[in-house]
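Listed below are the residues making up each chain.
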Amino acid sequence: MPAAQPVSKAERDALFVELYNEFHQPIFGYLFRLLRDRERAEDAVQEAFAKAYRALHRLDGDANHRAWLYRIATNTAYDRLRRQRLIAWLPLRDDDEDPALRYDQADDCDVNVQVQQALDQLPVRYRAPLLLYSVDGLSTEEIARVLGISRSGVKMRLLRGRRMFIEAHGKGE
Amino acid sequence: MARKARWLGLLATYRELSPREREAVDRHLEDDDQSRELARLFAEQDALLSALTPPCPSPTLRERVMAATVARGETAASLRWRPVLAAALSLVLLVLVAGTGVASSGSLPGDTLYPVKRASEQVRLAFTLHDQGRAHYMERLIEIRRQEVNALLGLGRAGVPVAFEGPLEHSPEGEWLVAGVPVIFPNDAGDPSQMVAGSPVHVTGEIGDTEVHVEAMRPLEPSSVPAGRQPEPGHERKDAADPAPSATPTHEPTATPQEIEDRSQGGDDAPPTATLTPTAEPDADAPEDAPRGAPPGRSRPDGSTPPGLDKGPGTPAAPASGGDDGADDEDRRDAGTPSEGQVSPPAATEPPAENRGAVDRDPDGHPDPTRRPPWAGPPGRRTPGDASAPRRSRDDAEAHSDGSDAPPGRATPPGKGD
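Chains as they are written, first to last, in my numbering: chain A, 1269 to 1441; chain B, 112 to 529.
One chain only, chain A, in its complex shape:
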């Protein structure tokens, strides 16, 4: 993981490319499971990395780049979900379509549709820490930074999210 704070534009660009190569795949997966749509997830990835690029000069050299990027991605996803909720009454998308069909068609790599459907039933505030902990492997300390809450808060959300997932996954089986 890069440690030194970039000075020149070339150094910043190099650091950014390095961060992108390392984190764009997991961040895309995280956003895909939060937003439940490939196109929206890719747009969110682009927006999140653009924000990161503009804020790169403010990043400390010894900062946790992964937590920093996930925080930007989470805030971007929350903004998009908020906007999506505001315009949910518009008949532009059919959100009631079969999620299994949507994931089968949208993502060739993701075959565990039942797990994803169970995740989809979780509220975002519980889904995000569970995904970060169990899928992306972040520590509770990092999740606390990403979500901007305390470690105990992360543990509480994780426990509730786990129980909700067990219930949702048990119904699906």
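Since the hints were made in silico from the structure, they are not lab data. Hints are not guaranteed to be accurate.
[Stated by the list, open to error] Computed spacing ranges between beta-carbons, pair by pair:
id, chain 1, residue 1, chain 2, residue 2, range
1, A, Asp1347, B, Tyr125, 31 to 41 angstroms
2, A, Ser1276, B, Glu134, 44 to 54 angstroms
3, B, Ser129, A, Gly1421, 16 to 26 angstroms
4, B, Leu240, A, Gly1416, 47 to 57 angstroms
5, A, Ser1276, B, Thr211, 34 to 44 angstroms
6, B, Asp222, A, Glu1279, 55 to 65 angstroms
Values in this document were obtained by computation on a predicted structure and should not be read as measured data. Here a beta-carbon is modelled for each residue, glycine too, at the ideal position from N, C-alpha and C.
For this one, chain A is given, so just place chain B on it according to the hints.
Below, chain B without anything else, positioned relative to chain A:
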């Protein structure tokens, strides 16, 4: 209860537990079946979630991200310079606007920047809230309009529409002047002889060769004329008790037939009377290019004939003293020609009042300087070779060229001229 919640919290984050904590949790799970089952479910859950196949982003995502970041070159440095750039652009814009304003201050009607000049004047006028300052600035604008007309005449920019105002005067050379600017009046522009000398008027017209061809004229309140342009002493003013000019012709002649008969017989002996009404008729013996009489626009306010006019014994200057032939007198009688101090009836060629108002005035009631009335012919122009001759209005020339004895500006009422 709190103890159980602590155990469950440890179970939820079992991965992060230290070996000592894991050993303690494992001991607890041996005694608690419910917790053991929950720990099993959590472990199964972690296995399921971590086994999720990561979704594959589209191959174009990298290009999109790079295009929006690195390739765009929008770095912190450029962001830092953005306010400076905005300030510089604002300064350039300010200089451009100010420069345009300064450059437009010397523009004349017909110039590209002239609308800018007028707009800036209106803006300044709108922001001049003090009554005294506003009146002072309006006087200044009137003076600027007059200077513009003089400048246009000096530059010879014929055909440029202008509008200005000032006192109507008559020069000793026989010219009509408005605010000192020489003007000529076609028939449809109004008869200046019906105006009180020195009365303020608003004039619209076109720049001619050496004068302004008036297309419309309207009287103004005396207070609207700047103090500096008040009538000069020496110019005779009509008596304030004179009736206002009326456009309504009267069928009642002001002179009885007996009086006219007397005049026709002994008119030569009658003393000339001062009047604003032009009376001189062309002298049959006079050369073709010689001045043949004072047209309406050339009559002098004091009634005397302008210099250069051939005033023979049979051509008295004043209409009250009779014409040079009986036919002229007859026409004048039939037309109800006013006697001294009375105003002439409007010319028959004048359009109806409602038509004039509809075409010649803007919604504010002011004459539109850019439009010629439909009944008006082309503006009268003097030929360059005619510069030495006294200025005559186009209608004067037409009236004389067709051999009509009726003086220009006069009309024969319908049914009376035949």
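Hint by hint, here is what the structure shows:
1. For the hinted restraint 31 to 41 angstroms between A/Asp1347 and B/Tyr125, the CB-CB distance of approximately 33 angstroms keeps it satisfied.
2. Checked against the hint of 44 to 54 angstroms, the C-beta distance between A/Ser1276 and B/Glu134 comes to roughly 51 angstroms, which is consistent with it.
3. For the pair B/Ser129 and A/Gly1421, the supplied restraint of 16 to 26 angstroms holds, since their beta-carbon distance comes to about 21 angstroms.
4. Distance hint check: the CB atoms of B/Leu240 and A/Gly1416 are about 55 angstroms apart, consistent with the given range 47 to 57 angstroms.
5. Between A/Ser1276 and B/Thr211, the C-beta spacing of about 43 angstroms keeps the proposed range 34 to 44 angstroms intact.
6. The hint said 55 to 65 angstroms for the Cβ distance between B/Asp222 and A/Glu1279, and at roughly 57 angstroms that hint holds.
Every hint from the earlier list agrees with this structure, and none is contradicted.
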